[in-house]
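S.K.: Sequence:
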Amino acid sequence: MEATRPGPRSKVVADADEAVVGVGDGASIAAGGFGACGIPSALIDALWRRGVRDLHVISNNCGTDGWGLGILLETGRISRVTASYVGDNAEFARRYLGGELEVELCPQGSLAERLRAGGAGIPAFYTAAGVGTLIAEGGMPWRYAPDGSVLVASPPKPTQLFDGVEYVLENGITADFGFVHAALGDSEGNLVFAKSARNFNPLCAMAGQVTIAEVEELVGAGEIDPDAVHVPGIFVQRVLHTPAVEKRVEKRTVRAPMEVS
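In the UniProt record's numbering, the protein residues as written are 1 to 261.
A portion of the hints provided could be inaccurate.
[What the hints assert, rightly or not] Derived DMTMM-like pairs (lysine to aspartate or glutamate); straight-line CA-CA distance at most 25 Å:
hint	residue 1	residue 2
1	Lys-251	Glu-91
2	Lys-251	Glu-137
3	Lys-157	Glu-113
Treat the hints as calculated values from the structure; they're not laboratory data.
Please put together the full structure from these sequences, using the hints given.
M.R.: Now the structure itself:
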């Protein structure tokens, strides 16, 4: 008898609330996006409705005031952030300096590689970024006390010489959940990202133990050219169709109108 190959199992969930089932208090979340570009806003909104607290977020930045991860931040749902960029998020700065938030700042390239390494099963790697600074030497404020003193400081990291050049050891990052936003996805979780919205999304998809992807366009299994796939479905456990998700511009710059004589 000729063996038959089992058919594809759909990973599509009915709505955003179903997508975030199982995300509980104290969970760690690797969230894709950069500023307001490519952020999984539908999943973040659902997580806010779920009411979970004490979250550890790993993301390039923590959203903007009143948008994206900023919604969780301003309602006190996040206790720790691993990021490379604060930006213009005034609430982030207020909570950090006021001792309400623990923050591990990391060079942007190192953060990207830490996520990629974690997803690839690499426990640690050496990099020149941060050598000779508090990143390597320790003492960077992670959490302040209400009086402004440093309550928790970063520990020193191991360094090593390679061919006479000093490098610092950075650990790979994995998270309980990965939240990502893609332009296109299929029912098996294969994902395609649009231009700069790719940013940290593929890395966060790899780093999550359970990765949830919101996709603007959803197609059936086999409809995406395999050569076009940015993240294969093996890394994705749940898919949410979000055809009308809101998109915002973080900073709008326009040229003054030209005078016509």
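S.K.: Does each hint hold? Answer for all of them.
M.R.: Right, here's what the structure says about each hint:
no.	hint	verdict
1	Lys-251 - Glu-91	holds, 17 Å
2	Lys-251 - Glu-137	violated, 35 Å
3	Lys-157 - Glu-113	holds, 16 Å
In summary, the one numbered hint that this structure violates is 2.
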